[in-house]
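Asks: Sequence:
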Amino acid sequence: MAPSIDIADLLTPIAPDAPAGPDLSYDPARQAIEQAFSDPADEVDWPRTIVMIEAQARQTRDVWLAVYLARAGARAGDLAVVETGVQLLAGLFERLWDSAHPTIEEYGIEGRKGACESLVRIGEFLAPLRRVPLIVHPRLGQYDGADVERFSEDGMADGYGPFRAALADTPVERIEAIVDRFRRIEAALQRADAVLSEKAEEVGQTGTNFRPTYEAIEGIVHALTPFVRQTGEAAAADDAMPITLSDGPRPMGSGGVGRIQSREDVARALDAVIDYYGRVEPSSPIPVALGRVKGWITMDFMAILADIAPGSVSDATAVLRARAEAEASADLM
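Residues 517 to 849 in the working numbering are what the sequence shown lists, from first letter to last.
A couple of the hints might just be wrong.
Stated by the list, open to error - Here are the computed distance ranges between Cβ atoms for each label pair:
| no. | residue 1 | residue 2 | range |
| --- | --- | --- | --- |
| 1 | Val652 | Ser520 | 16 to 26 Å |
| 2 | Asp533 | Thr741 | 41 to 51 Å |
| 3 | Phe817 | Glu640 | 38 to 48 Å |
Since the hints were derived computationally from the structure, they do not count as laboratory data. In this text, all values refer to a predicted model and were calculated from it rather than measured experimentally. Cβ atoms here follow ideal geometry from the backbone N, Cα and C, with glycine treated the same way.
Turn these sequences into a full structure, and let the hints steer you where they fit.
Replies: Put into C-alpha coordinates, the structure is as follows:
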(Lines of atoms letter the chains of each structure in order from A and count residues from 1; the text may use other names and numbers.)
(Lines give C-alpha, C1' and ligand atoms only; values in the text may rest on other atoms or scores of the structure.)
Protein backbone atom coordinates (compact mmCIF):
# COMPACT_ATOMS: atom_id res chain seq x y z
CA MET A 1 0.00 0.00 0.00
CA ALA A 2 1.31 3.45 -0.90
CA PRO A 3 2.04 5.95 1.87
CA SER A 4 -0.67 8.44 2.76
CA ILE A 5 -0.75 11.51 0.52
CA ASP A 6 -1.75 14.91 1.90
CA ILE A 7 -4.27 16.43 -0.52
CA ALA A 8 -4.04 19.87 1.08
CA ASP A 9 -0.34 20.09 0.21
CA LEU A 10 -1.03 19.23 -3.42
CA LEU A 11 -3.69 21.94 -3.75
CA THR A 12 -1.68 24.78 -2.24
CA PRO A 13 -0.66 27.39 -4.87
CA ILE A 14 3.00 27.02 -5.82
CA ALA A 15 3.62 30.77 -5.95
CA PRO A 16 1.50 33.95 -5.84
CA ASP A 17 2.32 34.85 -9.43
CA ALA A 18 2.19 31.25 -10.71
CA PRO A 19 -0.32 29.24 -8.64
CA ALA A 20 0.04 26.12 -10.77
CA GLY A 21 3.82 26.25 -10.95
CA PRO A 22 5.80 25.19 -14.02
CA ASP A 23 4.41 23.06 -16.82
CA LEU A 24 6.24 19.74 -16.48
CA SER A 25 4.48 17.97 -19.34
CA TYR A 26 7.78 17.27 -21.09
CA ASP A 27 9.87 16.68 -18.00
CA PRO A 28 11.80 13.35 -17.99
CA ALA A 29 9.97 12.32 -14.81
CA ARG A 30 6.64 12.82 -16.58
CA GLN A 31 7.82 10.68 -19.47
CA ALA A 32 8.69 7.91 -17.00
CA ILE A 33 5.21 8.17 -15.44
CA GLU A 34 3.50 8.03 -18.82
CA GLN A 35 5.66 5.09 -19.89
CA ALA A 36 4.28 3.08 -16.95
CA PHE A 37 0.81 3.28 -18.49
CA SER A 38 2.14 2.14 -21.87
CA ASP A 39 4.02 -0.90 -20.53
CA PRO A 40 2.28 -4.22 -19.69
CA ALA A 41 0.52 -3.57 -16.38
CA ASP A 42 1.92 -6.65 -14.63
CA GLU A 43 5.47 -5.54 -15.38
CA VAL A 44 5.11 -2.10 -13.78
CA ASP A 45 6.14 -1.25 -10.22
CA TRP A 46 2.94 0.62 -9.40
CA PRO A 47 3.85 1.70 -5.84
CA ARG A 48 7.01 3.30 -7.26
CA THR A 49 4.96 4.94 -10.02
CA ILE A 50 2.60 6.38 -7.39
CA VAL A 51 5.58 7.84 -5.52
CA MET A 52 6.80 9.42 -8.78
CA ILE A 53 3.38 10.94 -9.47
CA GLU A 54 3.16 12.38 -5.98
CA ALA A 55 6.67 13.84 -6.23
CA GLN A 56 5.82 15.69 -9.44
CA ALA A 57 2.42 16.74 -8.07
CA ARG A 58 4.32 18.63 -5.38
CA GLN A 59 6.14 20.64 -8.04
CA THR A 60 3.20 21.52 -10.30
CA ARG A 61 -0.59 21.60 -10.29
CA ASP A 62 -1.56 19.42 -13.24
CA VAL A 63 -4.89 17.72 -13.93
CA TRP A 64 -3.13 14.86 -15.68
CA LEU A 65 -1.23 13.96 -12.51
CA ALA A 66 -4.50 13.63 -10.59
CA VAL A 67 -5.84 11.30 -13.27
CA TYR A 68 -2.59 9.31 -13.35
CA LEU A 69 -2.76 8.96 -9.57
CA ALA A 70 -6.28 7.52 -9.69
CA ARG A 71 -5.35 5.12 -12.49
CA ALA A 72 -2.14 4.00 -10.78
CA GLY A 73 -4.09 3.42 -7.56
CA ALA A 74 -6.47 1.11 -9.40
CA ARG A 75 -3.57 -0.75 -11.01
CA ALA A 76 -1.90 -1.09 -7.61
CA GLY A 77 -5.11 -2.38 -6.05
CA ASP A 78 -5.20 0.54 -3.62
CA LEU A 79 -8.57 2.28 -3.33
CA ALA A 80 -7.11 4.89 -0.96
CA VAL A 81 -4.85 6.13 -3.76
CA VAL A 82 -7.75 6.06 -6.23
CA GLU A 83 -9.71 8.25 -3.82
CA THR A 84 -6.76 10.62 -3.41
CA GLY A 85 -6.46 10.95 -7.18
CA VAL A 86 -10.10 11.86 -7.77
CA GLN A 87 -10.14 14.16 -4.73
CA LEU A 88 -7.12 15.94 -6.19
CA LEU A 89 -8.89 16.22 -9.55
CA ALA A 90 -11.97 17.76 -7.94
CA GLY A 91 -9.83 20.13 -5.89
CA LEU A 92 -7.85 21.34 -8.91
CA PHE A 93 -11.05 22.03 -10.83
CA GLU A 94 -12.70 23.82 -7.92
CA ARG A 95 -9.75 25.85 -6.66
CA LEU A 96 -7.28 26.22 -9.51
CA TRP A 97 -9.39 26.01 -12.64
CA ASP A 98 -7.95 29.16 -14.23
CA SER A 99 -4.30 28.26 -13.68
CA ALA A 100 -3.94 24.46 -13.51
CA HIS A 101 -2.15 22.62 -16.30
CA PRO A 102 -3.01 22.00 -19.08
CA THR A 103 -4.10 25.63 -19.09
CA ILE A 104 -7.43 26.76 -20.48
CA GLU A 105 -5.66 29.62 -22.23
CA GLU A 106 -3.48 27.27 -24.27
CA TYR A 107 -5.57 24.10 -24.62
CA GLY A 108 -9.15 25.14 -23.89
CA ILE A 109 -11.76 22.81 -22.43
CA GLU A 110 -10.42 19.93 -24.53
CA GLY A 111 -7.20 19.96 -22.51
CA ARG A 112 -9.09 19.21 -19.30
CA LYS A 113 -11.65 16.95 -20.96
CA GLY A 114 -8.93 14.82 -22.55
CA ALA A 115 -7.47 14.00 -19.15
CA CYS A 116 -10.86 13.08 -17.71
CA GLU A 117 -11.69 10.80 -20.63
CA SER A 118 -9.14 8.34 -19.24
CA LEU A 119 -11.39 7.81 -16.22
CA VAL A 120 -14.36 6.59 -18.27
CA ARG A 121 -12.53 4.07 -20.45
CA ILE A 122 -12.67 0.39 -19.64
CA GLY A 123 -9.06 -0.50 -20.38
CA GLU A 124 -7.55 2.57 -18.76
CA PHE A 125 -9.53 2.77 -15.52
CA LEU A 126 -12.83 0.91 -15.19
CA ALA A 127 -11.53 -2.64 -15.66
CA PRO A 128 -8.60 -2.13 -13.25
CA LEU A 129 -10.98 -0.55 -10.74
CA ARG A 130 -13.26 -3.60 -10.84
CA ARG A 131 -10.22 -5.83 -10.30
CA VAL A 132 -9.12 -4.14 -7.06
CA PRO A 133 -9.16 -6.83 -4.32
CA LEU A 134 -11.94 -6.09 -1.83
CA ILE A 135 -12.15 -9.27 0.26
CA VAL A 136 -8.78 -10.83 1.13
CA HIS A 137 -8.60 -14.09 3.08
CA PRO A 138 -5.33 -15.82 4.05
CA ARG A 139 -6.57 -19.27 3.01
CA LEU A 140 -9.57 -18.73 0.76
CA GLY A 141 -7.99 -16.20 -1.58
CA GLN A 142 -9.06 -12.71 -2.63
CA TYR A 143 -12.14 -11.39 -4.37
CA ASP A 144 -12.47 -8.20 -6.41
CA GLY A 145 -15.39 -6.05 -7.44
CA ALA A 146 -16.06 -8.16 -10.52
CA ASP A 147 -16.25 -11.28 -8.32
CA VAL A 148 -18.65 -9.62 -5.89
CA GLU A 149 -20.93 -8.55 -8.74
CA ARG A 150 -20.87 -12.05 -10.21
CA PHE A 151 -21.76 -13.72 -6.90
CA SER A 152 -24.41 -11.11 -6.19
CA GLU A 153 -26.13 -11.92 -9.48
CA ASP A 154 -25.70 -15.69 -9.32
CA GLY A 155 -25.59 -17.47 -5.96
CA MET A 156 -24.76 -20.70 -7.77
CA ALA A 157 -21.71 -19.32 -9.60
CA ASP A 158 -18.57 -21.41 -9.40
CA GLY A 159 -16.61 -20.56 -6.24
CA TYR A 160 -19.56 -19.06 -4.38
CA GLY A 161 -19.02 -21.28 -1.32
CA PRO A 162 -15.41 -20.20 -0.61
CA PHE A 163 -16.41 -16.60 -1.30
CA ARG A 164 -19.16 -16.73 1.33
CA ALA A 165 -16.79 -18.37 3.78
CA ALA A 166 -14.20 -15.63 3.20
CA LEU A 167 -16.92 -13.02 3.56
CA ALA A 168 -18.09 -14.55 6.83
CA ASP A 169 -14.56 -14.13 8.20
CA THR A 170 -14.38 -10.48 7.13
CA PRO A 171 -15.46 -7.92 9.77
CA VAL A 172 -18.59 -6.08 8.66
CA GLU A 173 -16.81 -2.80 9.47
CA ARG A 174 -14.25 -3.64 6.81
CA ILE A 175 -16.92 -4.14 4.16
CA GLU A 176 -18.74 -0.97 5.23
CA ALA A 177 -15.47 0.96 4.92
CA ILE A 178 -15.03 -0.30 1.36
CA VAL A 179 -18.56 0.81 0.44
CA ASP A 180 -17.95 4.21 2.05
CA ARG A 181 -14.73 4.64 0.09
CA PHE A 182 -16.45 3.91 -3.21
CA ARG A 183 -19.10 6.47 -2.28
CA ARG A 184 -16.39 9.09 -1.63
CA ILE A 185 -14.72 8.27 -4.94
CA GLU A 186 -18.04 8.73 -6.71
CA ALA A 187 -18.75 12.00 -4.88
CA ALA A 188 -15.35 13.43 -5.83
CA LEU A 189 -15.91 12.52 -9.47
CA GLN A 190 -19.30 14.20 -9.35
CA ARG A 191 -17.65 17.38 -8.05
CA ALA A 192 -15.14 17.36 -10.89
CA ASP A 193 -17.90 16.53 -13.36
CA ALA A 194 -20.01 19.46 -12.15
CA VAL A 195 -17.21 22.00 -12.61
CA LEU A 196 -16.13 20.65 -15.99
CA SER A 197 -19.71 20.58 -17.29
CA GLU A 198 -20.39 24.12 -16.10
CA LYS A 199 -17.20 25.54 -17.60
CA ALA A 200 -17.73 23.67 -20.87
CA GLU A 201 -21.29 24.93 -21.16
CA GLU A 202 -20.07 28.51 -20.75
CA VAL A 203 -18.15 28.16 -24.01
CA GLY A 204 -20.76 26.12 -25.84
CA GLN A 205 -19.12 22.73 -25.35
CA THR A 206 -19.80 19.59 -23.33
CA GLY A 207 -17.76 17.98 -20.60
CA THR A 208 -16.79 14.35 -20.14
CA ASN A 209 -19.62 11.83 -19.85
CA PHE A 210 -18.79 10.12 -16.54
CA ARG A 211 -21.80 7.83 -16.70
CA PRO A 212 -19.77 4.64 -17.39
CA THR A 213 -17.68 5.33 -14.29
CA TYR A 214 -20.70 6.02 -12.10
CA GLU A 215 -22.32 2.81 -13.33
CA ALA A 216 -19.19 0.79 -12.58
CA ILE A 217 -18.99 2.17 -9.05
CA GLU A 218 -22.71 1.72 -8.42
CA GLY A 219 -22.49 -1.85 -9.68
CA ILE A 220 -19.86 -2.71 -7.08
CA VAL A 221 -21.62 -0.82 -4.28
CA HIS A 222 -25.00 -2.40 -5.01
CA ALA A 223 -23.40 -5.84 -5.12
CA LEU A 224 -21.62 -5.31 -1.80
CA THR A 225 -24.56 -3.79 0.08
CA PRO A 226 -26.58 -7.02 0.56
CA PHE A 227 -23.46 -8.77 1.85
CA VAL A 228 -22.88 -5.94 4.34
CA ARG A 229 -26.41 -6.47 5.64
CA GLN A 230 -26.09 -10.26 5.76
CA THR A 231 -22.68 -10.18 7.44
CA GLY A 232 -23.95 -7.65 9.98
CA GLU A 233 -26.96 -9.80 10.77
CA ALA A 234 -24.76 -12.86 11.20
CA ALA A 235 -22.45 -10.95 13.54
CA ALA A 236 -25.41 -9.78 15.61
CA ALA A 237 -26.65 -13.36 15.79
CA ASP A 238 -23.24 -14.50 16.98
CA ASP A 239 -23.35 -11.97 19.81
CA ALA A 240 -26.91 -12.76 20.79
CA MET A 241 -26.76 -16.57 20.50
CA PRO A 242 -23.65 -18.05 22.14
CA ILE A 243 -23.11 -21.79 21.89
CA THR A 244 -25.05 -23.59 24.63
CA LEU A 245 -22.77 -25.95 26.51
CA SER A 246 -24.10 -29.43 27.19
CA ASP A 247 -24.70 -30.48 30.77
CA GLY A 248 -23.17 -33.90 30.19
CA PRO A 249 -19.50 -34.80 30.44
CA ARG A 250 -17.18 -33.49 27.76
CA PRO A 251 -14.99 -35.65 25.59
CA MET A 252 -11.39 -35.95 26.60
CA GLY A 253 -9.13 -33.21 25.30
CA SER A 254 -8.20 -29.64 26.11
CA GLY A 255 -10.80 -27.84 24.01
CA GLY A 256 -14.20 -29.43 24.37
CA VAL A 257 -17.06 -27.75 22.51
CA GLY A 258 -20.62 -27.36 23.71
CA ARG A 259 -23.69 -28.89 22.15
CA ILE A 260 -24.37 -27.56 18.66
CA GLN A 261 -27.92 -26.28 18.41
CA SER A 262 -28.00 -23.95 15.39
CA ARG A 263 -26.35 -23.10 12.08
CA GLU A 264 -24.46 -20.34 13.83
CA ASP A 265 -23.03 -22.93 16.21
CA VAL A 266 -21.95 -25.02 13.22
CA ALA A 267 -20.18 -22.01 11.69
CA ARG A 268 -18.35 -21.25 14.95
CA ALA A 269 -17.34 -24.88 15.36
CA LEU A 270 -15.91 -24.93 11.84
CA ASP A 271 -14.11 -21.64 12.56
CA ALA A 272 -12.54 -23.23 15.62
CA VAL A 273 -11.27 -26.19 13.57
CA ILE A 274 -10.00 -23.88 10.81
CA ASP A 275 -8.25 -21.73 13.42
CA TYR A 276 -6.60 -24.82 14.94
CA TYR A 277 -5.14 -25.94 11.64
CA GLY A 278 -4.07 -22.42 10.81
CA ARG A 279 -2.05 -22.26 14.04
CA VAL A 280 -0.84 -25.84 14.39
CA GLU A 281 -0.76 -27.25 10.86
CA PRO A 282 -0.70 -24.24 8.49
CA SER A 283 0.22 -26.41 5.49
CA SER A 284 -2.83 -28.65 5.87
CA PRO A 285 -5.47 -28.46 3.11
CA ILE A 286 -8.24 -29.07 5.64
CA PRO A 287 -8.90 -25.33 6.36
CA VAL A 288 -9.56 -24.72 2.66
CA ALA A 289 -11.98 -27.64 2.50
CA LEU A 290 -13.75 -26.58 5.70
CA GLY A 291 -13.95 -22.99 4.46
CA ARG A 292 -15.84 -24.26 1.46
CA VAL A 293 -18.09 -26.41 3.67
CA LYS A 294 -18.80 -23.37 5.84
CA GLY A 295 -20.08 -21.57 2.76
CA TRP A 296 -22.63 -24.36 2.28
CA ILE A 297 -24.31 -23.90 5.66
CA THR A 298 -27.05 -21.63 4.34
CA MET A 299 -27.41 -23.39 0.97
CA ASP A 300 -29.95 -25.97 -0.09
CA PHE A 301 -29.02 -29.25 -1.77
CA MET A 302 -29.12 -27.94 -5.33
CA ALA A 303 -27.00 -24.89 -4.51
CA ILE A 304 -24.37 -27.09 -2.85
CA LEU A 305 -24.40 -29.44 -5.81
CA ALA A 306 -23.94 -26.49 -8.16
CA ASP A 307 -20.93 -25.32 -6.16
CA ILE A 308 -19.34 -28.79 -6.14
CA ALA A 309 -20.10 -29.82 -9.71
CA PRO A 310 -21.97 -27.19 -11.77
CA GLY A 311 -22.37 -29.56 -14.71
CA SER A 312 -24.33 -32.08 -12.67
CA VAL A 313 -27.19 -29.77 -11.73
CA SER A 314 -29.27 -30.45 -14.83
CA ASP A 315 -28.90 -34.23 -14.36
CA ALA A 316 -29.87 -34.04 -10.70
CA THR A 317 -32.83 -31.83 -11.54
CA ALA A 318 -34.04 -34.35 -14.11
CA VAL A 319 -33.73 -37.21 -11.61
CA LEU A 320 -35.59 -35.33 -8.90
CA ARG A 321 -38.30 -34.27 -11.33
CA ALA A 322 -38.74 -37.86 -12.54
CA ARG A 323 -38.95 -39.09 -8.96
CA ALA A 324 -41.54 -36.43 -8.09
CA GLU A 325 -43.61 -37.35 -11.13
CA ALA A 326 -43.44 -41.03 -10.25
CA GLU A 327 -44.57 -40.36 -6.70
CA ALA A 328 -47.42 -38.18 -7.97
CA SER A 329 -48.54 -40.94 -10.33
CA ALA A 330 -48.46 -43.47 -7.49
CA ASP A 331 -50.64 -41.21 -5.34
CA LEU A 332 -53.28 -41.10 -8.09
CA MET A 333 -53.57 -44.89 -8.28
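Asks: Confirm or reject each hint.
Replies: Tested hints:
no.: 1; hint: Val652 / Ser520: 16 to 26 Å; result: holds (20 Å)
no.: 2; hint: Asp533 / Thr741: 41 to 51 Å; result: holds (49 Å)
no.: 3; hint: Phe817 / Glu640: 38 to 48 Å; result: holds (45 Å)
Checked against the numbered hints above, the structure violates none of them.
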